[in-house]
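Taken in sequence, the protein lines are chains A and B. Residue 1 is where the first sequence starts when you use the numbering used here, and the numbers rise one by one after that. Residue 385 is where the second sequence starts when you use the numbering used here, and the numbers rise one by one after that.
Note that these hints are calculated values from the structure, not bench results. Don't take each hint at face value.
[Unchecked claim] In the EDC-like style, the derived pairs of lysine to aspartate or glutamate whose C-alpha atoms are separated by at most 20 Å in a straight line are:
{"no.": "1", "chain 1": "A", "residue 1": "108", "chain 2": "A", "residue 2": "310"}
{"no.": "2", "chain 1": "B", "residue 1": "600", "chain 2": "A", "residue 2": "12"}
{"no.": "3", "chain 1": "B", "residue 1": "692", "chain 2": "A", "residue 2": "278"}
{"no.": "4", "chain 1": "A", "residue 1": "121", "chain 2": "A", "residue 2": "224"}
{"no.": "5", "chain 1": "B", "residue 1": "692", "chain 2": "B", "residue 2": "712"}
{"no.": "6", "chain 1": "A", "residue 1": "199", "chain 2": "A", "residue 2": "237"}
{"no.": "7", "chain 1": "A", "residue 1": "199", "chain 2": "A", "residue 2": "224"}
{"no.": "8", "chain 1": "B", "residue 1": "692", "chain 2": "A", "residue 2": "310"}
{"no.": "9", "chain 1": "A", "residue 1": "199", "chain 2": "A", "residue 2": "47"}
All figures in this text were calculated on a predicted structure; none of them were measured in a lab.
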Amino acid sequence: MSAIPFPAPPLDSEAVIALRAEVRAFLAEELASRTDRQRSDSWCGADKDFSRKMGQRGWLGMTWPKQYGGHERTAYERYVMVEEMLAAGAPVGAHWIADRQSGPSILKFGTEEQRQYFLPKIAAGELYFSIGMSEPDSGSDLAATRTRAVRDGDVYRVTGTKVWTSFAHQSDWAIMFCRTSGTPADRHNGTSQLLIDLKNTPGLTIRPIIDLAGQHHFNEMHFEEAVIPASQLLGTEGQGWAQVMSELAFERSGPERFLSSIELLNQLVGVLQGRQSDAAQITLGRLTARLAVLRRLSRSVTSMLQEEQDAGLQASIVKDVGALFEQSIPDVARELVDCEPDPVAASGYAAVLANIVHNAPSWSLRGGTREILRGIIARGLGTR
Amino acid sequence: MLAEMIQRLLERSLDDAAQARARNGEWLADLWAEVTEMGLPLALLSEDQGGFGLTAAEQGEALRLLGRHAFPLPLAETMGANRLLAAAGLPLAEGPAGLARADGLKLEGGRLTGTVERLAWGEHLDCLALAVGDRLYRVPRSAWTIAAPGNAANYHPRPSLAIDWQADAGAALPHCPLAEGATLRAFQIAGALETALDLSISHTGTRVQFGKPLSKNQAVQHELARLAGELACATAAADLAAEALARGDVLGVAAGSLRAREAAGTGASIATQAHGAIGFTREHRLHLFTTSLWTWRDEFGGQVQWAKLLGSAALDAGTAGYWPMVTEL
């Protein structure tokens with residue numbers, strides 16, 4: 001029996017139903033003036049005022065202990081809040097990484113002092129994180145990291161370069177993966193994670209990498225003998241690989257892995273409404289079926305995360321199948337509606353189509369390429 | 385527990401020779417007697433109704449097992465027909481039963497006449513749970529003759545039935561037999577995909593080409609990963625359909641059924657490719673599962689019919705209503 005088990009997803013309790021209604025009412029008001037194009041930015045759209053409002057509502061750090069500013073709600077309640085934000089095109093980008101993975105990593109591996117410093121600020125929507133994993137010579141092959149942190153008394157001296165660091169120019173901190181001993185030939189051994197103060201680290205330069213759509217959300221972070229206090233080590237020196245893998249289960253299974261083009265799907269429904277052609281009905285029926293099943297799989301993973309089970313394999317399946325779905329939407333839409341994409345327009349179908357067409361290729365790259373995910377799944381099946 | 389009993393029975397009493405006889409149209413009476421002995425036709429009923437009171441998860445497991453073994457007799461349909469008959473307050477089937485909807489039948493002076501198209505093993509059924517409009521009838525075997533022979537993609541007989549019956553009052557229809565059947569088939573598809581994946585892993589792990597097992601090739605590994613993804617989707621789709629059926633939500637049934645049908649086609653194709661030419665033969669047992677997948681994905685309403693139902697609801701919901709509709713599925 002080689003099937004990869006997905007447990008039944010959690011049920012919609014009264015609390016969940018109430019939460020969904022509360023989030024929808026909040027979004028109807030907050031997003032009224034947001035353009036179609038902005039909505040289609042999904043979690044790449046950032047607005048720190050919006051993040052602070054979410055913090056005030058108790059929608060950041062939802063599952064964390066109250067002593068750290070959290071709200072002790074279930075993983076499924078967080079799931080529901082997140083999918084409503086994404087479906088409505090809310091600008092969740094500023095706090096996205098901090099709430100999704102940096103905070104949980106600090107909660108799991110951080111010192112008491114680190115937890116008390118970072119978590120309440122993240123939960124308030126006032127402190128934002130980036131991720132430093134990829135490098136110019138190590139993308140999918142994360143273990144080949146060359147960025148090196150050398151311990152020198154109470155500090156680490158860090159030299160190396162990180163790339164594709166989303167929002168490093170707007171975030172406050174980053175969790176950076178690097179080598180603290182040995183050589184790249186040692187692979188997973190000798191790696192660690194450091195907390196990096198993006199605003200106040202001498203020897204760190206951040207420069208933009210502009211994507212094909214002309215947008216600046218990627219950055220390069222270059223460390224030249226940067227001095228990092230040893231108190232900013234996250235977790236255990238040498239255990240960086242295991243810590244990163246634990247972080248990736250949070251990164252790979254959420255609704256952001258199949259809702260990236262939901263605004264185009266919403267718009268497509270609007271354009272086709274009233275036409276009720278066979279082709280429109282059949283296509284939307286099949287897309288809706290795929291979406292409903294992806295939601296179910298993703299909610300299943302949520303219940304595994306709630307029970308603190310290892311969901312790495314299941315998360316890889318959600319992300320692989322989810323990316324195929326969200327990337328298919330522009331091509332499917334093009335089979336039903338003739339429209340030239342317009343990347344400069346603010347509103348309407350052409351604006352959303354352009355944004356999605358330009359960004360969709362990245363969805364099977366970010367957070368683990370399609371090829372890496374399929375390798376993980378194949379290993380889970382025992383074929384590697 | 386029940387799953388283990390079914391598993392043992394199928395391993396004991398359903399070999400590939402019996403599968404071949406079923407494909408030649410032979411009714412496997414001994415096998416049917418064994419599943420009846422175990423009470424399986426009543427497996428989806430509550431204890432009050434005389435069934436096993438299985439949880440949804442146990443029901444799903446039992447139905448997937450039928451798919452995992454490409455079970456050749458209309459047991460799933462009989463389980464579903466009994467669930468429908470019990471819900472309607474009609475007597476249960478006393479043998480294998482069919483599950484159908486035929487709105488084209490004529491009811492004049494209490495006489496029900498017309499054709500029910502393509503029912504698996506129609507000659508061997510004891511009764512039909514038949515919906516006509518908003519009524520459900522328990523139609524006895526004496527009410528039909530074979531109008532035309534036919535076969536399914538897995539070569540099981542699938543004749544059309546000429547009904548001529550002095551109808552009783554029937555009962556109000558609890559839910560559509562097509563929704564019932566589509567849900568059952570989603571589980572069977574998931575089960576058949578489980579075996580297709582197992583066989584594919586086993587074949588590519590032992591078949592050596594270019595000096596190494598096929599599964600050492602990354603291109604092969606990635607296709608097996610895709611198959612695992614389709615299987616995960618089919619399994620979740622079946623569960624989604626079953627929950628929707630239980631709460632009377634036909635759109636949820638449509639969503640689950642459609643995704644399972646899609647996985648059937650994609651999965652069968654990946655599995656056959658993984659096997660190479662031997663997977664295209666009757667010498668290898670993969671064909672039992674691929675042909676079943678190609679059968680089940682087109683039964684109980686077609687893909688187009690279900691997609692139009694769900695798609696027109698999506699269009700009616702409009703831009704603002706689309707997402708709220710999705711979260712209700």
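Quick rundown of the hints versus the structure:
1. A:108 with A:310: Holds: residue 108 of chain A and residue 310 of chain A sit about 14 Å apart, inside 20 Å.
2. B:600 with A:12: Violated, because 43 Å separates the two Cα atoms, which is more than 20 Å.
3. B:692 with A:278: 7 Å, holds
4. A:121 with A:224: Judged against 20 Å, a Cα distance of about 29 Å means the pair is violated.
5. B:692 with B:712: The given pair, whose Cα atoms are some 18 Å apart, holds under the 20 Å limit.
6. A:199 with A:237: 24 Å, violated
7. A:199 with A:224: 15 Å, holds
8. B:692 with A:310: The hint is violated at about 39 Å.
9. A:199 with A:47: 19 Å, holds
Consistency note: the structure conflicts with the earlier hints numbered 2, 4, 6, 8.
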